[in-house]
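Chains as they are written, first to last, in the working numbering: chain B, 1 to 128; chain X, 1 to 128; chain A, 1 to 128.
Careful, some of the hints might be misleading.
[To be verified] Estimated spans, in silico, between C-beta atoms of each pair:
#: 1; chain 1: B; residue 1: A82; chain 2: X; residue 2: G67; range: 43 to 51 Å
#: 2; chain 1: B; residue 1: D37; chain 2: A; residue 2: E93; range: 28 to 36 Å
#: 3; chain 1: X; residue 1: L44; chain 2: A; residue 2: E93; range: 42 to 50 Å
#: 4; chain 1: B; residue 1: R35; chain 2: A; residue 2: P85; range: 18 to 26 Å
#: 5; chain 1: X; residue 1: D48; chain 2: B; residue 2: G43; range: 28 to 36 Å
Bear in mind the hints are in silico, worked out from the structure with no lab data behind them.
For every residue, glycine included, the Cβ atom is placed at its ideal position computed from N, Cα and C.
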Amino acid sequence: MTETREPALSPPGGHYTHSVRSGELVFTSGQLGVRPDGTHTAGLPFEDQVRQALANLLAALRVSGAGPADLLKVTAYIVDVANWPRFNAVYAEVMGDARPARTVVPVPELHYGYLIEIDGIASVAAPR
Amino acid sequence: MTETREPALSPPGGHYTHSVRSGELVFTSGQLGVRPDGTHTAGLPFEDQVRQALANLLAALRVSGAGPADLLKVTAYIVDVANWPRFNAVYAEVMGDARPARTVVPVPELHYGYLIEIDGIASVAAPR
Amino acid sequence: MTETREPALSPPGGHYTHSVRSGELVFTSGQLGVRPDGTHTAGLPFEDQVRQALANLLAALRVSGAGPADLLKVTAYIVDVANWPRFNAVYAEVMGDARPARTVVPVPELHYGYLIEIDGIASVAAPR
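In isolation and in its complexed conformation, chain B is listed as follows (with noise of 0.2 Å):
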């Protein structure tokens, strides 16, 4: 196993590691729109706090060496089911043709006021 951390995500809040490796396999934490210097984007429209959040997915993703393509399945827990639009049309755009697996889990709040988090699982080609 290794265990690996991104600059460009801001340091875990808690008892956590962003990307974690285990031979082909990459499992990322659940990311909130947190922003690389700490600052958040929960007060933000629905949309930016998307874009920041799978922003923070893919660099958890790329300091194992795995990039959209790579995702087997992504769970996204997103805050009012009516949101669902919207939050597929973002995702969409950024993911473009990457099409994984996906689970969209409506829950009742999250951390900081946020409106979606999302986590995923990857396969690199080869251990490293």
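Assemble the complex: chain B is given as a structure, and chains X and A must be docked to it using the hints.
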């Protein structure tokens, strides 16, 4: 990574693939009780929704050559934890001898007004 | 796939196995604060529930030969996100140097009135 689609499943309603395989592992998207023709079971009794969601989960696995016995982990999202016993009863009937690890997660709501959503991780014996 | 049970854990209360191993990967079911004798900690303070749920998670891993350091990903479901700091404190104490990827998911409720449920994915060095 092999992305697959199952004709017996309604096409994905968003930017995702129903089932993704990487090596021996298969990841499915969250499956709602959508019929293959795209119509919804959301207005039907809870048990009917569970049966359709499980049928979709198994269909998603099937295109990757996996069946119930190959499931390692299932996560079921349900509205109202009081539905737990009814979920477990239908699940046991459908799964039979297969008893993968499972987490049942109560949620405040689901897309299209569904009361159940299910995803899974499976392992098939050898990559193909 | 090897299905395992842990005598130190209360038998599964539904159609699932506490811990499933496939090759190097171990998947656990969602663990509540159920004592080995089947009695509940649901009425006790939040911290006690967290300790018992984590003890059960580690017991479930142990039967597959995995320990805290083998965990790749943990997902914790908590009622009331205000409990996040208290969860993180107990979790850090129990996990010690192990810092797997982690997602904390606020939920509206949990089975038996619990305030915390935890599952995990681990990797053990070689199949046995």
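Output the indices of the hints that this structure fails to meet, ascending.
1, 5
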